[in-house]
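Protein chains: 2
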Amino acid sequence: MDKSNLKLYVDEYLKQYFLNKGSYNKLIYESMGYSINVGGKRIRPILMLLTYGIYKEDLENILPMAASIEMIHTYSLIHDDLPAMDNDDLRRGKPTNHKVFGDAIAVLAGDGLLNEAMNVMLEFTLNSNCIEAIKATKIISNAAGVEGMVGGQVVDILAEGKDIDMDTLRYMHEKKTGALIKASILAGAVLAKAPEADMRILEEYGEKLGLAFQIKDDILDVIGDEKKLGKKVNVDCEHDKNNYISFYGLDKCKEMCSLLTEDCIKLLDSLSMNCIDLKHLTKILLNREN
Amino acid sequence: MDKSNLKLYVDEYLKQYFLNKGSYNKLIYESMGYSINVGGKRIRPILMLLTYGIYKEDLENILPMAASIEMIHTYSLIHDDLPAMDNDDLRRGKPTNHKVFGDAIAVLAGDGLLNEAMNVMLEFTLNSNCIEAIKATKIISNAAGVEGMVGGQVVDILAEGKDIDMDTLRYMHEKKTGALIKASILAGAVLAKAPEADMRILEEYGEKLGLAFQIKDDILDVIGDEKKLGKKVNVDCEHDKNNYISFYGLDKCKEMCSLLTEDCIKLLDSLSMNCIDLKHLTKILLNREN
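If you read the protein sequences in the order shown, they are chains X and C. Under the UniProt record's numbering, the first sequence has 61 at position 61, and the numbering climbs by one with no breaks. Under the UniProt record's numbering, the second sequence has 275 at position 275, and the numbering climbs by one with no breaks.
The set of hints was computed from the structure by calculation and includes no laboratory data. Check each hint, because a few of them may be wrong.
Where chains are identical, the list cannot tell them apart; a pair therefore holds if satisfied intra-copy or between any two copies.
As a list, the in silico EDC-like pairs of lysine to aspartate or glutamate whose alpha-carbon atoms are at most 20 Å apart [to be verified]:
1) K26 <-> D163
2) K162 <-> D103
3) K254 <-> E289
4) K21 <-> E174
5) K21 <-> D167
6) K99 <-> D86
7) K3 <-> D269
8) K135 <-> E123
9) K26 <-> D167
10) K26 <-> E160
11) K241 <-> D103
12) K26 <-> D165
13) K26 <-> E174
14) K193 <-> E203
15) K254 <-> D217
16) K7 <-> E57
17) K283 <-> D251
18) K241 <-> E174
19) K135 <-> E204
20) K266 <-> E203
21) K279 <-> E207
Can you build the whole structure from these sequences, using the hints too?
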């Protein structure tokens with residue numbers, strides 16, 4: 001696999017995965033496939049692949065695991081966009097899932113994607129029959145659940161229109177966005193049987209990268225280009241949502257984001273192995289425009 | 001464990017599981033715990049435990065796996081009751097999850113329960129580190145997903161207000177209700193390392209039991225007692241839903257249900273082991289009033 005263009009492999013895997021499947025239930029594959037293929041930077045799968053790639057050559061071996069985490073990410077976006085949640089009409093410049101398929105199918109498409117991610121990871125685990133696959137699946141599953149992403153979503157909903165303290169904001173972002181980003185990195189490291197000392201460094205790297213990623217998201221929500229983002233800007237402000245900007249202001253956030261990225265690079269430099277590709281991606285994430 | 005009162009063990013496990021958990025995300029445990037503890041016959045966990053119990057004594061060992069399948073069943077009910085889906089206000093005589101916690105938290109409580117079921121099964125798998133645990137987890141996960149329960153839900157939604165043929169109805173019920181019932185039985189058998197010949201018999205038993213269970217549900221929807229059921233009757237008719245009654249009429253359905261139960265008993269009689277408790281439960285399910 002060409003490490004400089006992993007997105008292509010992930011895109012292709014996901015595109016093929018949902019193509020021409022189903023019988024009476026065909027529509028659910030179309031709905032899941034629609035949101036999976038509507039675009040997306042595939043950051044989580046690429047993070048997993050590049051982390052694995054620090055230690056191993058056969059990146060294609062873990063492609064199903066990498067694709068699974070994108071399925072989980074996509075399910076969270078479908079449910080997040082529902083009228084019962086954020087009620088968004090656009091995602092990545094296209095109508096959201098429920099706008100195309102209706103609310104009921106969108107609920108089920110989200111459920112189906114989370115479940116399918118588990119199916120794929122369990123199939124991978126059964127085929128490889130190694131303890132590392134179970135561990136990686138568990139890391140991802142835990143990060144997606146109520147002590148991870150779902151927990152962050154809950155706090156996000158509870159915080160809407162309220163003043164919350166810094167600890168609550170940090171919890172919310174660490175769980176809502178950070179948990180799955182960290183899990184992508186850790187799962188890649190576990191699957192590659194990374195040394196224990198490197199695991200600890202990568203865990204810290206994952207935490208800092210997740211935080212930088214979320215702050216950058218908040219920055220883009222204020223100063224981003226709607227066309228490049230493919231969604232409305234200033235949404236957090238309109239929804240009266242708490243974020244890093246409302247706490248620290250734009251300039252301080254930009255500074256925090258740069259400092260966190262520097263920390264990330266330093267952490268990667270302290271690993272036992274060379275990881276030029278992961279460092280490159282880390283910098284790209286800081287400078288991204290969508 | 002007292003095989004004649006397994007419901008108590010399942011109830012207690014599930015009650016303790018969601019008690020006093022969480023921090024900022026506390027509400028999601030309350031919401032999940034509310035629907036888990038609102039009642040329920042715990043048929044799927046009991047089926048798993050009794051099937052396992054044909055071959056093994058240590059039923060308590062697989063209690064987490066049994067409880068997981070009830071979490072999945074409960075998540076499906078929470079999402080099924082949402083305004084975007086069936087829009088039901090009552091479930092087991094109590095207000096549905098979204099009526100108590102609001103639509104957003106109800107969506108997340110469903111997501112959280114499916115995810116938590118996976119967490120519990122993966123924890124069990126990691127601790128036991130045996131291929132049977134991976135296989136059982138995969139059986140349950142596959143049965144819950146788009147080629148199982150979710151797929152059945154999709155067809156149910158698509159069929160509403162339309163004339164469908166018998167094959168579509170059968171698909172819908174096999175997937176929506178039957179898949180998870182069959183999976184409970186098969187997962188129990190796999191965990192107990194049942195002989196291959198018994199596995200095939202139990203698979204057929206699971207299919208027939210699932211079908212009998214669904215037809216009985218349809219019968220109760222017509223002639224059941226609202227108080228005993230804890231939900232409105234004649235709902236399918238009001239929602240213009242296809243079911244076995246609308247296809248075959250009440251008398252034929254009662255006969256089918258009895259014949260299927262007889263088949264189930266015969267299948268159990270052909271197993272290599274005695275399974276008096278599973279036979280007893282099979283008869284109870286035929287004669288149930290809720």
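Do the hints match the structure? See the list:
1. K26 <-> D163: between (45 Å within a copy, 18 Å between copies)
2. K162 <-> D103: Between copies only: 19 Å across chains, 28 Å inside a chain, cut-off 20 Å.
3. K254 <-> E289: within (13 Å within a copy, 63 Å between copies)
4. K21 <-> E174: Result: close only across copies, 18 Å inter versus 36 Å intra.
5. K21 <-> D167: between (45 Å within a copy, 18 Å between copies)
6. K99 <-> D86: Answer is both: 13 Å inside a copy and 19 Å across each meet the 20 Å cutoff.
7. K3 <-> D269: within (19 Å within a copy, 58 Å between copies)
8. K135 <-> E123: both (14 Å within a copy, 9 Å between copies)
9. K26 <-> D167: Between copies only: 15 Å across chains, 44 Å inside a chain, cut-off 20 Å.
10. K26 <-> E160: between (37 Å within a copy, 16 Å between copies)
11. K241 <-> D103: between (24 Å within a copy, 19 Å between copies)
12. K26 <-> D165: between (46 Å within a copy, 17 Å between copies)
13. K26 <-> E174: Cα proximity of K26 and E174: across copies only (16 Å, versus 36 Å in one copy).
14. K193 <-> E203: For K193 and E203, the Cα distance is within 20 Å only inside one copy (14 Å; across copies 38 Å).
15. K254 <-> D217: within (11 Å within a copy, 59 Å between copies)
16. K7 <-> E57: Within one copy only: 17 Å inside, 50 Å across.
17. K283 <-> D251: For K283 and D251, only the intra-copy Cα distance (19 Å) is at most 20 Å; the inter-copy one is 70 Å.
18. K241 <-> E174: within (16 Å within a copy, 44 Å between copies)
19. K135 <-> E204: Cα proximity of K135 and E204: one copy only (18 Å, versus 34 Å across).
20. K266 <-> E203: within (13 Å within a copy, 56 Å between copies)
21. K279 <-> E207: The answer is within: 15 Å in one copy meets 20 Å, while 53 Å across copies does not.
In this structure, none of the earlier numbered hints is contradicted; all agree with it.
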